[in-house]
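Mind docking chain L on chain W? Use the hints.
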Amino acid sequence: AQSVTQPDIHITVSEGASLELRCNYSYGATPYLFWYVQSPGQGLQLLLKYFSGDTLVQGIKGFEAEFKRSQSSFNLRKPSVHWSDAAEYFCAVGLTEGGTASKLTFGTGTRLQVTL
Amino acid sequence: NAGVTQTPKFQVLKTGQSMTLQCAQDMNHEYMSWYRQDPGMGLRLIHYSVGAGITDQGEVPNGYNVSRSTTEDFPLRLLSAAPSQTSVYFCASSSRDSINSPLHFGNGTRLTVT
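Sequence order for the protein chains is W and L.
Whatever position you read off the first sequence (first residue = 1), add 41 for the working numbering.
Whatever position you read off the second sequence (first residue = 1), add 3 for the working numbering.
Since no wrong hints were added, every one of them can be taken at face value.
Ranges between beta-carbon positions, derived for each pair:
{"hint": "1", "chain 1": "W", "residue 1": "Ala42", "chain 2": "L", "residue 2": "Ser98", "range": "22 to 32 Å"}
{"hint": "2", "chain 1": "L", "residue 1": "Arg47", "chain 2": "W", "residue 2": "Ile52", "range": "19 to 29 Å"}
{"hint": "3", "chain 1": "W", "residue 1": "Thr71", "chain 2": "L", "residue 2": "Arg113", "range": "32 to 42 Å"}
{"hint": "4", "chain 1": "W", "residue 1": "Thr156", "chain 2": "L", "residue 2": "Arg80", "range": "41 to 51 Å"}
{"hint": "5", "chain 1": "L", "residue 1": "Thr8", "chain 2": "W", "residue 2": "Asp95", "range": "32 to 42 Å"}
{"hint": "6", "chain 1": "L", "residue 1": "Thr23", "chain 2": "W", "residue 2": "Asp49", "range": "29 to 39 Å"}
From the structure, some residues in chain L lie toward chain W, with a derived Cβ separation under 10 Å:
{"hint": "7", "residue": "Val7"}
{"hint": "8", "residue": "Gln9"}
{"hint": "9", "residue": "Tyr34"}
{"hint": "10", "residue": "Gln40"}
{"hint": "11", "residue": "Gly45"}
{"hint": "12", "residue": "Val53"}
{"hint": "13", "residue": "Gly61"}
{"hint": "14", "residue": "Glu62"}
{"hint": "15", "residue": "Cys94"}
{"hint": "16", "residue": "Ser97"}
{"hint": "17", "residue": "Arg99"}
{"hint": "18", "residue": "Asn103"}
{"hint": "19", "residue": "Gly109"}
{"hint": "20", "residue": "Gly111"}
For the record, the hints were derived by calculation from the structure and aren't laboratory data.
Glycine included, C-beta positions come from ideal geometry on N, C-alpha and C.
Pulled out of the complex, with its shape left as it was, chain L reads as follows:
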């Protein structure tokens, strides 16, 4: 049972480069989300999706794009990376967008922007 799979685990980018962080879940979950984790800041929500074709902004969406073309996948795109985007990124999913549905997290992607 794979759960939530994130790739890559590590990535180094130069300022201005673009990349996509991949997230896939095999639990047929409706709700998927992206968080960034920074020291002393906890987890902050970037974008989320309540189903295929539906996305919305979280607390810190600037500099990031998302799409949800399938139930399984929820990629996060950095169009022009900045050093401020150096962080650990987590993808999470749950069966539905309800506080009663527990979140399942991937193992994270550590991104460094130089």
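With the rest of the complex left out, here is chain W:
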């Protein structure tokens, strides 16, 4: 079975600073990978996804993520954080073999705080 680990529970960055949120996965093949964001009081929103091809994927709100097979990682990055980026971020992994939405596994989340 696949699994996903987000090592950082809570991260604080200053507005304008760069951001990197870590995500590591465990799966026997190349998985489908996702990043979701949850703003306070809201449901999760898809930021970006990786299925195949270019290992650097662009998402909404200026976010990008890089798939590194050798490190089993899919870290989320943003060059300059805005105060409105304060939220909880979830990495998720899905199966490429018979992949269904019901087999999506979420990480435990990283809470981002942005200081002004």
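Chain L in isolation, oriented as in the chain W frame:
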């Protein structure tokens, strides 16, 4: 465009009480699902449905029932609430049960069982 609508937003129950969390989507999505979100646990799948009349269990189904009589609605029932069911519940839908179809989430229901 309403998307996925969950009601209520907040609920407090006493142990042993029953209630139904409502979820409705107006996107004609085939796939609907319920997750619970607990600190340090991420989102865990409770039940899901791939179409009207079809439901299946997820990772943590005990204590919960679901039904799917229409495409639009997917209610989650707690027959006898327990403090361990204190959580935030999210309903999500997608056009079909495929990893290629993005999930659309509701805003959640925060449930406290005392």
